[in-house]
Amino acid sequence: RSVRWLDRCVAAHGRPEQQLLFAIIQGGLDPALRQRCIQAMTQRDVPGFAIGGLSGGEDKAQFWRTVKFSAERLPRDKPRYLMGVGYATDLVVCVALGCDMFDCVFPTRTARFGSALVPWGSLQLKNQQFAKDFRPIDENCDCPTCQRHTRAYLHALLRSETAALHLLTLHNVAYQMKLMGSMRESILQQRFPEFVRDFMDTMYGGRGGPPSWAREALASVGITLD
Amino acid sequence: MELKLLGAAGGRLGSLSGLGRSGAAALALPGCLLYTRAGAAPHLTHDTLSLVRGVPGVAQLPLPALAEIHDVLEEYKEGAAKFIGMPDAVLYCSLHDPVSPCPSGYNTNKAVSLWGSSGRMEMTASKFMDIQRAIQPDWFQCISDGDTVSAEAGRKRAKKSVDRSLSFLDVCLQLQEKSPELQGSVMFGAIEGGDILEERLRSARETAKRPVGGFLLDGFQGCAMAKETKLKLIASVTAELPEDKPRIIHGVGKPDEVLECIERGVDIFESFFPFQVTERGCALVFSYSCHPDPEAAVVLTQNGAQDLEKNGAEDQDEISKADPEMTPFEICLKDKKYQEDFGPLLEGCTCYCCQRHTRAYVHHLLVTNELLAGVLLMMHNFQHYFSFFSAIRDALRDNKMDQLKKLVFRQALDGPADVKLSP
Chain A
1 RSVRWLDRCV AAHGRPEQQL LFAIIQGGLD PALRQRCIQA MTQRDVPGFA
51 IGGLSGGEDK AQFWRTVKFS AERLPRDKPR YLMGVGYATD LVVCVALGCD
101 MFDCVFPTRT ARFGSALVPW GSLQLKNQQF AKDFRPIDEN CDCPTCQRHT
151 RAYLHALLRS ETAALHLLTL HNVAYQMKLM GSMRESILQQ RFPEFVRDFM
201 DTMYGGRGGP PSWAREALAS VGITLD
Chain B
1 MELKLLGAAG GRLGSLSGLG RSGAAALALP GCLLYTRAGA APHLTHDTLS
51 LVRGVPGVAQ LPLPALAEIH DVLEEYKEGA AKFIGMPDAV LYCSLHDPVS
101 PCPSGYNTNK AVSLWGSSGR MEMTASKFMD IQRAIQPDWF QCISDGDTVS
151 AEAGRKRAKK SVDRSLSFLD VCLQLQEKSP ELQGSVMFGA IEGGDILEER
201 LRSARETAKR PVGGFLLDGF QGCAMAKETK LKLIASVTAE LPEDKPRIIH
251 GVGKPDEVLE CIERGVDIFE SFFPFQVTER GCALVFSYSC HPDPEAAVVL
301 TQNGAQDLEK NGAEDQDEIS KADPEMTPFE ICLKDKKYQE DFGPLLEGCT
351 CYCCQRHTRA YVHHLLVTNE LLAGVLLMMH NFQHYFSFFS AIRDALRDNK
401 MDQLKKLVFR QALDGPADVK LSP
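Sequences listed follow chains A and B, in order.
FYI, in our numbering the residues of the first sequence are 1 to 226.
FYI, in our numbering the residues of the second sequence are 1 to 423.
Derived from the structure by calculation, the hints contain no laboratory data.
Small disclaimer: the values here were computed from a predicted structure and weren't measured.
Do not rely on the hints blindly, as some may be mistaken.
Unchecked claim - Examples of chain B residues toward chain A, derived with CB under 7 Å: (1) Met1; (2) Arg37; (3) Ala38; (4) Asp47; (5) Glu75; (6) Gly79; (7) Ser117; (8) Met121; (9) Thr368; (10) Leu371.
To be verified - List time: in silico DSS-like cross-link candidates among lysine-lysine, alpha-carbon distance up to 25 Å: (11) Lys127/B with Lys160/B; (12) Lys227/B with Lys77/B; (13) Lys77/B with Lys126/A; (14) Lys405/B with Lys254/B; (15) Lys227/B with Lys209/B; (16) Lys160/B with Lys254/B; (17) Lys406/B with Lys337/B; (18) Lys156/B with Lys230/B; (19) Lys209/B with Lys4/B; (20) Lys209/B with Lys232/B; (21) Lys127/B with Lys132/A; (22) Lys110/B with Lys132/A; (23) Lys82/B with Lys126/A; (24) Lys245/B with Lys209/B; (25) Lys132/A with Lys4/B.
In this text, a Cβ means the ideal position worked out from N, Cα and C, and glycines have one as well.
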């Protein structure tokens, strides 16, 4: 079905110069289906490939294997857009597995629920513990929210004002942008594995280390966490 | 704080200077305050607020939201301005939030009730001053009894409001003397008295005898008081007040009412009205331009005819769905008729929203319940309202108040004039 639709879309696409039409690889968690799909779609002349069907909360062990399987079989010189991913850890691992582009509602949605993303997890600012916390969300963040406001103020504002949601959205988007920016930088500086180790340490340091699926996924591309 | 009047006829054109910690801030008069909720302009962050033109130099921070976090402010120690992220703003702390209803019958000789998101808070003069010490406002309304707005208030209740408010004032003035944190803060005395002329005059005269920095006219909120009475009382009250101290009025926001109060000696208004307009999914579109160019006259007829046509066709539906609070100064973007209207909210408006977006888009945002609707509407409504006050000052300067009044009062009856705003 997806291959049929791809062909119909390519045929109907009237503005290839202004709009890039990506093919979306499907096939669930089944390698054979994914293989068939990739084989068929890579025969079509598209500027890029999306890896779809993998952001529905499936088992993480199968998730990473399917991402890797797909990324390995897609052309190296065309972008791989992993749809619906995601959480910070997922982003880091999937970059290691060969993905280039991502999209996710998570940072903005979680902001609207009062949750601020930080390198070591997230802060539920509606929680009473922040009522008198006069630090910014993240002391090292240079977003407009962290430059001007404290956790205590955001906590108070969250009771009743939509402005709080906007402030948190600003911060969470900045967090995502910074995360991706640091990954690019570390790759350019040939120290991506080190970046991954630092990231995992900060995120999971005090809590028994990163989840096993992440460990395995990273190990499969040669990145070991001690 | 220094008030300078320029001597125009029809209103107190001038300015208030020497404001704020730095003493460098100023407020043009007649003018309005920036309405905030819990210290933030509604729907707006510092960055989006900075895209609104004409934001007044003084912000209103209603007390209830701050009273609810009194303990936090006390521990913070550095005052509300810094806490809310507006360290350089000039802050006026009013006793109540103009938008929240204040149920009647909860004040006593010793305490006044405030209403916040977590319900009722009873406040004595001493507790009130404790909280002000933690807030450290530039200006603040002295705790007063303004519970005369409901229709059942009579002469006795009016007298009580005056007596209590004066007693609170005297206690608070004494407490202020003993508070180092409040030495730089200006106390505003509330003029009460319900709808009884005698009591209003007494309140004005007595309050004026105290060393307050300014006055606020209270108890004129809502529509219980007959318009004639309201206007007469306002004029009588301001006549009793010293020329060189600012007069704020609470609860007045509609453009026609603003003009009526300015004529009667009021200097400063709140800006809760554009917020209320925003909350009902509406945009202010009333005209205040007294200098229409000849081209605009043609646009006027064309636009006016088109919009009237639209109105005529869907009158039945509109009436049944329209928000009862809606005024003739606005259009309701929730209305289906804007679904494919690709013009700006208001032709000629230079606000962020009108420069980039269409009525159709804002309609869509409202229908899909997107937060962005509130952001864009608030930016437009604030800018339009602040620009209105600027036009008032221009009209006073150019002796064109009569034209402005005529234009606004006509729209109060007929609806927006749809004239293209001149730059």
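| task | List, from low to high, the hint numbers that the structure doesn't satisfy. | result | Of the numbered hints given earlier, those the structure breaks are 1, 6, 8, 9, 12, 15, 16, 17, 22 and 25, listed in rising order.
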